[in-house]
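Chemist: Here is what each chain is made of, one letter per residue.
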Amino acid sequence: MLNGMTAPAPNFAELDLATTPACLRIRGDWTLAHYAALEHTLADLRERVDAHTSIDLDGVDQLDTAGAALLADLLGATRLRDLAHETPHWPPARRALLETVGTALNEYQRQAQPRPHNTLSLLLERIGVATDNFYQQALQLLGFIGLTLETLARGLLRPRRWRMTSLVAHVEQIGLDAVPIVALLSFLVGAVVAFLGATVLADFGASIYTVDLVSISFLREFGVLLTAILLAGRTASAFTAQIGSMKSREEIDAIRTLGLDPMELLVLPRVLALLISLPLLSFLAMLAGILGGAMVCIFALDITPAMFLSMLRADTDVRHFLVGMGKAPVFAFLIAVIGCLEGFRVTGSAQSVGEHTTSSVVQSIFVVIVIDAIAALFYMEMGW
Amino acid sequence: MSAPTQASAAPPVVVEVRGLINRFGAQTVHDNLDLDVHRGEILGVVGGSGSGKSVLLRSIVGLLRPTAGSVRVFGEDLLALSAERRSQIERRFGVLFQRGALFSSLTVAENVALPLIEHGGLDREAAAYMAGVKLALVGLPRDTAHKSPSALSGGMIKRAALARALALDPEILFLDEPTAGLDPISAAAFDQLLLTLRNALGLTVFLVTHDLDTLYTVCDRVAVISQQKVLVAGPLDVVAATDDAWVQAYFHGPRGRAAEHAAQRLAEET
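Residue numbers (our numbering), protein chains in the order written: chain P, 1470 to 1853; chain U, 1353 to 1622.
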């Protein structure tokens, strides 16, 4: 029936002015396939047809909802419904079609149409909603941090309620399983930093200070920052997806109705596991990064391993390591809390799980970098 | 033992399933299954959970390639056709999935307008008007048109999905448990809607269902799938009288009897 479009456009309607009142003769196929042609016909007729025009439907071959809807558009839904009664000789199915479409449209058109919005108010609305969301989210995060700390404080005093199995399982997932990727990435970045340093420092004849550049940058910044960003992507998203899918399957509600505390059961083991894993992984990242730098120094800059080590010992103070490590627990706590909180914010659908997983990664990376920047400023002012 | 056709005065067959075999690994879902769907009828397909009702539906609409056997829709084997020819056939049927399967990134009206724009060749304005007509036909209030599917209740999602299935004025409608998960009032309203639309649009309906009330209210024929084939197909009273443990338990269990009484009362009232 869709092939009908190739046929020469038949004349679908004709206004016979010879009779009084004028008679509109509808004929041909009034179907979806001819929609454009029918619309064209109607455009001509619209102004010439009024409530007094009589309608002759005898010439109609095929009729579907599209045709009926167009007739309703021309004649009005009420008129269409009445037409069903004026054509008693038609097969019942076709009259039922006219009547159903007429009745449905009549009802539909009586309902108020929603007002269209203008662009400016939409823009303002979006800005307002976004600002409010940001505020609410920050508020929720602070509240959740407080709740986590409170649960932590209560739980620490009662070793019987420590979830050791869960904790160990999470440490394995978060820490052990992430060792290869963290080590490899840090090694590569260490090598890149060394190359970069060597290129710039060679101009001053100071290639040897590449050692300092690599060691200090990795101890203070890159070791912990790289690990935190990797875990924000790897672990925060996993937390959100795990807790979120539990939320959408009402498992969280089940935990509550069983008189258990989801904070204690789900959040604490995850937070503690990340608090254990992230510093350890950071340490590993520092080692791997310095090793990567050392490889470049040894193979590309002709600095012997012995010289590398003696430079490292002479110039790199242990405070750099402490300053870097000091940030690790803070990052760990925030990443875990954001991951869990976004999981709890999931509502119902699978789509919501996806949205919140994305949001948790973005938020935790954002928070990690902002805190790192603030910490860098603070340490500089303190002269550490 | 399968005798789905009542040969003589039956209207033309629009879906013809012959010797259908579906196997997933070691599990055989259908074994030599035969089924006919006649033009203009509402065929209810029932069977226990996991008896392969939905698999049958998926085989007929061409979403699943059967292990063996033939499925002919409008006399054509969908899986043997060229992509273009197949798409032309597919436009002639509408499918309502169990959970609606509305596109979540589009509004309700856009969901209905999509096939009209893609296949009907309508411009956006005309498609929007026709989408409004379809939404009116399925009895959705006007303000739902601009909502996203996630903002709708279960019954509304089913109606919106039905509007999308009806967008191109299909000849056959495939419904996968349309009343599952609806409250009894919405379910009854959906049954009535289905009857009205079938009568007005001359649809053929292939209805997979668990709902006994739906069977008694709307179905012209019922096919029972059991033991990997169509055990019996025919008018409800014939099927209900079949001597088979499952059929007896299904139609003459407490729920079956209640549905039968309700249908009788409904028939007396009207």
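Please note: incorrect hints may appear among the correct ones.
Label-pair distances were calculated between CB atoms; the ranges are [as the list claims (entries may be wrong)]:
(1) U:R1370 with P:A1819: 36 to 42 Å
(2) P:A1819 with U:P1364: 38 to 44 Å
(3) U:G1400 with P:L1727: 31 to 37 Å
(4) U:A1453 with P:E1850: 55 to 61 Å
(5) U:A1503 with P:E1516: 26 to 32 Å
(6) P:L1727 with U:Q1600: 37 to 43 Å
(7) U:Q1600 with P:D1730: 58 to 64 Å
(8) U:H1604 with P:D1730: 45 to 51 Å
(9) P:G1597 with U:A1378: 28 to 34 Å
(10) P:H1558 with U:L1433: 38 to 44 Å
(11) U:Q1600 with P:A1562: 32 to 38 Å
(12) U:S1505 with P:P1557: 56 to 62 Å
(13) P:G1615 with U:A1435: 57 to 63 Å
Every beta carbon over 12 Å from chain U, so not counted as near; a handful from chain P, in silico [unchecked claim]:
(14) L1501
(15) A1502
(16) Y1504
(17) L1539
(18) P1560
(19) A1562
(20) L1567
(21) R1629
(22) E1641
(23) M1715
(24) M1794
With the C-beta cut set under 8 Å, the calculated list includes, among others, these residues of chain P facing chain U [unchecked claim]:
(25) T1556
(26) T1785
(27) D1786
(28) G1823
These are calculated hints, taken from the structure and not from any lab test.
All of these numbers come straight from a predicted model, not from anything done at the bench.
Where a beta carbon is used, it is the ideal one built from N, C-alpha and C, also for glycine.
Chemist: Does the structure break any of the earlier hints, and which numbers would those be?
Modeler: 5, 7, 9, 12, 14, 15, 16, 17, 18, 19, 20, 25, 26, 27 and 28
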